[in-house]
Amino acid sequence: MSTRLKRRVYSGSRKKAKAFATIAPGTGVVRYNGMLLEALPEVIRSIISVPIKLLGNNRFKVDIRVRTRGGGQIGQAYAAAIAISRAIVDYFKDEKDIKQKILSYDRHLLIGDERQKEPKKFGGPGARRREQKSYR
10 MSTRLKRRVY
20 SGSRKKAKAF
30 ATIAPGTGVV
40 RYNGMLLEAL
50 PEVIRSIISV
60 PIKLLGNNRF
70 KVDIRVRTRG
80 GGQIGQAYAA
90 AIAISRAIVD
100 YFKDEKDIKQ
110 KILSYDRHLL
120 IGDERQKEPK
130 KFGGPGARRR
140 EQKSYR
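For any residue, its number in this note's numbering is found by taking its place in the sequence shown, counting from 1, and adding 9.
Among the hints, a few may not be true.
As the list claims (entries may be wrong) - List time: in silico BS3-like cross-link candidates among lysine-lysine, alpha-carbon distance up to 30 Å:
1) Lys108 - Lys27
2) Lys126 - Lys70
3) Lys25 - Lys129
4) Lys24 - Lys110
5) Lys126 - Lys24
6) Lys110 - Lys70
7) Lys126 - Lys25
8) Lys126 - Lys27
9) Lys27 - Lys102
Said to hold, decoys possible - Estimated spans, in silico, between C-beta atoms of each pair:
10) Lys126 - Lys102: 46 to 56 Å
11) Ala33 - Gln125: 28 to 38 Å
12) Arg116 - Ile83: 12 to 22 Å
13) Ala33 - Gly79: 22 to 32 Å
14) Ser20 - Leu112: 11 to 21 Å
15) Ser55 - Ser143: 39 to 49 Å
16) Gly37 - Arg116: 24 to 34 Å
17) Thr36 - Glu140: 53 to 63 Å
18) Ala33 - Lys129: 41 to 51 Å
What the hints contain is simulated information worked out from the structure, not anything from laboratory work.
Here a beta-carbon is modelled for each residue, glycine too, at the ideal position from N, C-alpha and C.
I would like the entire structure built from these sequences, with the hints used as guidance.
What follows is the structure in structure tokens.
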């Protein structure tokens with residue numbers, strides 16, 4: 010083991026959601042907004058656990074805590090996955106294959122997804138939808 014980080018905060022964002030992850034040496038406990046990963050709904054758990062599964066047996070060497078705010082549930086889950094991926098890559102920076110494994114699985118787990126919601130315009134209920142008009 011080389012010099013490990015004591016505690017550091019890593020961030021991830023998706024649309025309006027922001028997530029902040031801390032990683033520390035431990036036994037593999039993952040907490041999301043104070044709840045254990047196993048206690049979360051299946052959809053959210055499956056999104057968040059992707060970078061953790063890519064770690065393999067190294068996942069039992071660290072404890073991860075994630076706090077989220079803003080946006081919706083799925084946006085927060087994707088933001089948390091990005092923050093966890095960044096924390097894992099920085100923590101295990103001596104092992105280059107972890108970063109390559111995450112990048113080959115999904116590039117957006119490290120880089121993020123810059124797409125945002127299009128703002129609403131006048132003349133209709135949404136960004137593009139308009140009232141129908143008839144000429145007959």
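- In rising order, the numbers of the hints this structure does not comply with: Hints 2, 10 are the ones this structure does not satisfy, whereas the remaining hints hold.
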